[in-house]
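S.K.: Based on these hints, arrange chain B on the given structure of chain A.
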Amino acid sequence: MSTAIDNPLARLRQRPRDNAAVYTVLVIGGLLWAFPLISAVRQSVAHGGFGNYLTVLTGEFNQVSLIRAFGNSLVIAALHALFVCAVGAMAAYAFAKISFPGREALYHLVLIFLAVPAVAVIVPVYYITGQLGLFNSPLGVALPEAALTLPFAVLLLRNYANGIPDTIIEAARIDRAGHARIFWHIFLPAARPALVNLAALSVMWSLQDFVFPSMVLKNADTTTAAQAVQTIQSAFGPTPEQTSQYFAALVLLAVPAVVLVVAGLKFITQGITAGGSKE
Amino acid sequence: MSAYPTTARREATAPRPAAHPEPSTAHQVGRRRRTRRALLAAAVFLSPLAVFYGIYYLYAFGFLADMSTKQTSLSFTDVTDVGLENFRLVLTDPAFHTALLNNLIFAAVSIVAALTIGFFLAVSLASGVRFRRLFYAVFLLPSLIPLSLFATVFGRMLETDDGAVNTALRSMGLGSLTQDWLGSTGPAYTALFVLLVYLVGLPVMYYTSDLSTLNTSVLEAAMIDGAKAGQMYRLILFPMLRGTHRTVILSVLLGSFRAFDVVYFSSNGQPGGRTQITGTYLYNTMMGSGRVGYASAAAVIVLVIAIAVSAVQILLERRSK
Chain A
1 MSTAIDNPLA RLRQRPRDNA AVYTVLVIGG LLWAFPLISA VRQSVAHGGF
51 GNYLTVLTGE FNQVSLIRAF GNSLVIAALH ALFVCAVGAM AAYAFAKISF
101 PGREALYHLV LIFLAVPAVA VIVPVYYITG QLGLFNSPLG VALPEAALTL
151 PFAVLLLRNY ANGIPDTIIE AARIDRAGHA RIFWHIFLPA ARPALVNLAA
201 LSVMWSLQDF VFPSMVLKNA DTTTAAQAVQ TIQSAFGPTP EQTSQYFAAL
251 VLLAVPAVVL VVAGLKFITQ GITAGGSKE
Chain B
1 MSAYPTTARR EATAPRPAAH PEPSTAHQVG RRRRTRRALL AAAVFLSPLA
51 VFYGIYYLYA FGFLADMSTK QTSLSFTDVT DVGLENFRLV LTDPAFHTAL
101 LNNLIFAAVS IVAALTIGFF LAVSLASGVR FRRLFYAVFL LPSLIPLSLF
151 ATVFGRMLET DDGAVNTALR SMGLGSLTQD WLGSTGPAYT ALFVLLVYLV
201 GLPVMYYTSD LSTLNTSVLE AAMIDGAKAG QMYRLILFPM LRGTHRTVIL
251 SVLLGSFRAF DVVYFSSNGQ PGGRTQITGT YLYNTMMGSG RVGYASAAAV
301 IVLVIAIAVS AVQILLERRS K
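Same order as they appear, the protein sequences are chains A and B. Each residue of the first sequence is one higher than the one before, counting from 1 in UniProt numbering. Each residue of the second sequence is one higher than the one before, counting from 1 in UniProt numbering.
Pulled out of the complex, with its shape left as it was, chain A reads as follows (with noise of 0.2 Å):
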């Protein structure tokens, strides 16, 4: 990959004694920062073995079962990557292909809300979503999810669509093709790398988010992953076993975020540095 010669950066190394000055604050940093995982893991198997990882994912903790909690998160999180990129893909759409008065004024208006805290609107989400009678639904927590995501899509998609030339549109303007048309055949093509960013940014937020599941998902049976690590918590009693259970379920609860944020590691990444810079 990148060797001494075409990476001027390796000239920090180039010293023996910065090289390893380097490696060892990386090697004692990366042991460090792997220590919660793995004290989890040694925990989980202290007491009752590999076996406890068995018992967690067969059984029921206050009548919640975590693959059924595994598959709620991914349902809300794939609705929520669903609407983030729909809707942030029009709106970025109008933002920088179609020219019309107020547009910078209207952007940067969208863009003031990227601030909003969920706990902050916690109290109008928790009537609304009764209002529209999506309690214990994964809507209730896909919708308000997406509206806070939103601003950040706007921003993502319409920095990326900036670079998408003008003279593809105009080209298919005089074509005759309307905005719809462009839209479906040129813009949403065009801009495919930024929504995959986007989309693996979105699963992974919506695995992350806890305030909206617990306030508007009620029923054992519709707990999500991230909701689990606080429900189960009182199924586990004192006992040695019974604590290295809770910690093989904490492990666990942890797989499926590992696995798809290894996998879009490279969306992730990209998405959030895209984002960031602004112009």
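Warning: the hint list may mix true and false statements.
[What the hints assert, rightly or not] For the chain B half of the interface with chain A, some residues (derived, Cβ under 7 Å), not all of them:
| id | residue |
| --- | --- |
| 1 | ILE145 |
| 2 | ALA164 |
| 3 | MET232 |
| 4 | PHE260 |
[As the list claims (entries may be wrong)] The list that follows gives simulated cross-link-like pairs (lysine to any residue, SDA-like), each with its CA atoms no further than 25 Å apart:
| id | chain 1 | residue 1 | chain 2 | residue 2 |
| --- | --- | --- | --- | --- |
| 5 | A | LYS266 | B | ARG132 |
| 6 | A | LYS266 | B | ARG246 |
| 7 | B | LYS70 | A | GLN131 |
| 8 | A | LYS266 | B | SER209 |
Because the hints were derived from the structure by calculation, they are not lab data. From the three backbone atoms N, C-alpha and C, an ideal C-beta is built for every residue, glycine too.
M.R.: Just chain B now, kept in the frame of chain A:
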């Protein structure tokens, strides 16, 4: 707060017929018609976004503002008007002051960690080390898995009797350093600071991405001039990444209002609300004690601050262009 967005939105999404009906030239008519058509198309493409914003921001903020002057419960029945009493109570509540202050402290810790540890890690990883991808994954993982999970594991590690941290300290012969981590103020802060340092993954991503587009060939010249590695980090690379520092600081600052899970699942504000942040304060007043009006007033204050930070960022961003 909700009035401003409404008017601005209506202007752009609801196309109106041109103000002056008398056409002066054919050219102007054509332009006006194009503008009208563009407005119509924009309105169509922005309408799904407008629905989301309308419900979850405009209506929600209006509802929040309304509830902030009421006394009611989670069932939203039995609503009593209490005027600005909730705001008076929140603003004079020492626990709310602590929460706001903690937000700032935690943000400051995250920013310092990002600009030092995050910067160093990103540069080191970008310098072509072996096992780069493995290191990258290890340092990023805590930021990417559900925070509820990471903070819970972390909280468990800090348990006094059988937590992994005290156990490890004892096994290294450092038994005197063992603490009742989450039971007293000092160690609880320390534990949360360490937890925040572990979440340095996002800044590492920003730095890594910008490093790949940076012209670092100047390092070769510096090397020939006899610069030491430390000097290259501090005097060359750090200033070169000025733009990234700003992105990192602002994203961390805004993220700090979202650090709810970090505190909720590790210390949950203990001991005695000393490590509470605005997120846990809001959540616990609303979901814990069901004091909806009071929580709404606190939420309005938090929103005003968060949106002010965001507006300043956007203004700075526009000016720098």
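S.K.: Run every hint past the structure and note whether it holds.
M.R.: Now the hints, each set against the structure:
no.: 1; hint: ILE145; in the structure: holds (5 Å)
no.: 2; hint: ALA164; in the structure: holds (4 Å)
no.: 3; hint: MET232; in the structure: holds (6 Å)
no.: 4; hint: PHE260; in the structure: holds (5 Å)
no.: 5; hint: LYS266/A - ARG132/B; in the structure: holds (14 Å)
no.: 6; hint: LYS266/A - ARG246/B; in the structure: holds (23 Å)
no.: 7; hint: LYS70/B - GLN131/A; in the structure: holds (19 Å)
no.: 8; hint: LYS266/A - SER209/B; in the structure: holds (11 Å)
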